[in-house]
Amino acid sequence: MRSLFEWVDALPSSIALRESLNAYPTMLTIHVVSMCLFAGLIAYWDMRLVGLTLKKVPVSNIPTRLFPWALTGYGINLITGGLLLYSQPMRYYGNFYFWAKMALMLVAGINMFWFHYATYKSVQAWDQGREIPLNARLAGVVSLVLWAAVVVTGRMMAYSGLMPGWWNNLNIGA
Amino acid sequence: MMQSFFEWMQGLPFSAWMLEETWASPIIQCAHLVALVGFAGAVLVVDMRLLGRGLIKTPLNQLARELDRWMIWSFVALFVTGAPQVLSTALKQYYSPFFWWKMQIIVIGLLFNFTIRRRVAFAKEGTLGHWPKVVGFLSIGIWTSVSVYARLIGLLS
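One line per chain: the protein sequences are A and B, in this order.
Per our numbering, the first sequence starts with residue 1, numbered consecutively.
Per our numbering, the second sequence starts with residue 175, numbered consecutively.
Hints were generated in silico from the structure; no laboratory data involved.
Some hints could be false.
Straight-line C-alpha distance at most 25 Å; calculated PhoX-like pairs for lysine-lysine [said to hold, decoys possible]:
id, chain 1, residue 1, chain 2, residue 2
1, A, Lys56, B, Lys231
2, B, Lys298, A, Lys56
3, A, Lys121, A, Lys56
4, A, Lys55, B, Lys298
5, B, Lys231, B, Lys307
6, A, Lys121, A, Lys55
7, B, Lys231, B, Lys298
8, B, Lys231, A, Lys55
9, B, Lys307, A, Lys56
10, A, Lys121, B, Lys231
Here are the simulated distance ranges between beta carbons [stated by the list, open to error]:
id, chain 1, residue 1, chain 2, residue 2, range
11, B, Trp274, A, Ile79, 30 to 40 Å
12, A, Ala125, B, Trp191, 45 to 55 Å
13, A, Pro25, B, Trp247, 27 to 37 Å
14, B, Leu265, A, Leu78, 32 to 42 Å
15, A, Ile110, B, Leu265, 38 to 48 Å
16, A, Ile172, B, Ser199, 18 to 28 Å
17, A, Gln124, B, Pro187, 51 to 61 Å
18, A, Ala16, B, Leu330, 18 to 28 Å
19, A, Ser13, B, Trp182, 40 to 50 Å
20, A, Thr72, B, Trp274, 30 to 40 Å
21, A, Thr64, B, Asn235, 18 to 28 Å
Because the structure is a prediction, the values reported are computed rather than measured.
Beta carbons: idealized from backbone N, C-alpha and C, even for Gly.
Chain A extracted, bound-state conformation (with noise of 0.2 Å):
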């Protein structure tokens, strides 16, 4: 794995990448804009899974509608966050908040595969209703954690002196 991203860090491109004055301000300023149409939009149909807002608002309306502008942040987030990882590869290999939020990252997805295909199936039955079953009340809590927790390290990979102890002991950007 560190060899890999070496091999990114001296690749041309990413040179140029990192040595442009405004690349890694344009990247990181539409990565922040990015996130903030699709975690906005996700908090809100968690919350509503939840049964905190929009209660009148049918369930499923919520990923017919919403979802493709969410997804549509989701996509200009990967991109964007992909550029700046291949800008700086070694600045985020040692970087435990890095390994954490995709490890978070990770976990968000697999709950979201799992809730859309097996809570959701059997939406028509809660659709309109104000009582969600548990489970995907529990899904939409996992989710809200999970994506806070995604903000949260993202926001915390430019802290590289607050890394824990025992992940600094490991080395692994030395």
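Got chain A sorted already, so can you dock chain B onto it with the hints?
Only chain B this time, still in chain A's reference frame:
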């Protein structure tokens, strides 16, 4: 006068504490970002509806009334977590043009929201012609600009 006010803010014991306490700034910045997501979602769901997108089967005024409190409380959270950051880096903010542009657009955004946007979103649908679309577009533009300038304060100041 404004500069001396910012120097006073920078010199407060709280500002010094924020800078000295290792975890204070990161925790507040993370909370600020989570509040931003809450605010953005509440604004976007209504603005997309104003544009004729998103949750079009739900009456606009019902959606706007329900999300109004989420928008207000998220903004309160943004203010509560944003103010300590301004206090602790007051002079950096003072000399950043992005900070002043952000503040100006926030004032415009708040005035716009509590006058025009709220009136249009709470009105009976179909009575205002193309105005809902104009208002939705402007609202997204205003709050996106705030996010962009906020990010640029940290990156280019």
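Checked hints:
no. : hint                               : in the structure
1   : A/Lys56 with B/Lys231              : 11 Å, holds
2   : B/Lys298 with A/Lys56              : 18 Å, holds
3   : A/Lys121 with A/Lys56              : 20 Å, holds
4   : A/Lys55 with B/Lys298              : 21 Å, holds
5   : B/Lys231 with B/Lys307             : 17 Å, holds
6   : A/Lys121 with A/Lys55              : 19 Å, holds
7   : B/Lys231 with B/Lys298             : 15 Å, holds
8   : B/Lys231 with A/Lys55              : 14 Å, holds
9   : B/Lys307 with A/Lys56              : 23 Å, holds
10  : A/Lys121 with B/Lys231             : 21 Å, holds
11  : B/Trp274 with A/Ile79: 30 to 40 Å  : 31 Å, holds
12  : A/Ala125 with B/Trp191: 45 to 55 Å : 54 Å, holds
13  : A/Pro25 with B/Trp247: 27 to 37 Å  : 31 Å, holds
14  : B/Leu265 with A/Leu78: 32 to 42 Å  : 37 Å, holds
15  : A/Ile110 with B/Leu265: 38 to 48 Å : 46 Å, holds
16  : A/Ile172 with B/Ser199: 18 to 28 Å : 25 Å, holds
17  : A/Gln124 with B/Pro187: 51 to 61 Å : 59 Å, holds
18  : A/Ala16 with B/Leu330: 18 to 28 Å  : 20 Å, holds
19  : A/Ser13 with B/Trp182: 40 to 50 Å  : 48 Å, holds
20  : A/Thr72 with B/Trp274: 30 to 40 Å  : 32 Å, holds
21  : A/Thr64 with B/Asn235: 18 to 28 Å  : 22 Å, holds
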